[in-house]
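Just so you know, we're using this note's numbering here: the sequence shown kicks off at 164 and counts up by one.
Note that these hints are calculated values from the structure, not bench results. If you're wondering where the values come from, they're calculated on a predicted model, not measured in any experiment. Only true hints are included.
Estimated spans, in silico, between C-beta atoms of each pair:
(1) 248 - 206: 28 to 34 angstroms
(2) 189 - 227: 15 to 21 angstroms
(3) 227 - 200: 18 to 24 angstroms
(4) 248 - 226: 38 to 44 angstroms
(5) 249 - 164: 27 to 33 angstroms
(6) 174 - 254: 23 to 29 angstroms
We treat Cβ as the ideally placed atom computed from N, Cα and C, and that holds for glycine.
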Amino acid sequence: MQVLTVCRFEANWAFRDVTGETYGHSPDIRVSYESAQQMARRIGAHIEFSAEAERHYRAAIDGRPVPADSVPEPAPKSSRRFQALLRRFLGRRRHEADR
164 MQVLTVCRFE
174 ANWAFRDVTG
184 ETYGHSPDIR
194 VSYESAQQMA
204 RRIGAHIEFS
214 AEAERHYRAA
224 IDGRPVPADS
234 VPEPAPKSSR
244 RFQALLRRFL
254 GRRRHEADR
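Let's have the full structure, built from the sequences with the hints guiding it.
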């Protein structure tokens with residue numbers, strides 16, 4: 164059975180599949196979880212939470228505030244650009260190795 168994992172993605176919440184692709188990006192973890200539920204119903208998957216996501220989801224459901232120190236600052240744009248470039252480069256190398 165495929166597993167979808169609700170987790171932190173940059174400054175938002177999302178869920179990822181086994182390939183690492185992320186979906187359902189939202190600043191509200193409940194929205195990301197609902198998106199994961201919809202996808203899980205469609206493909207017959209199981210949903211899990213990362214440890215951090217589970218704490219945040221329980222706090223959101225109980226109406227408790229989440230400590231501000233656990234919310235990461237978004238990465239600088241230059242870092243994101245570099246990461247995107249690196250992903251593209253590594254993706255091409257994997258594709259060339261498959262030939």
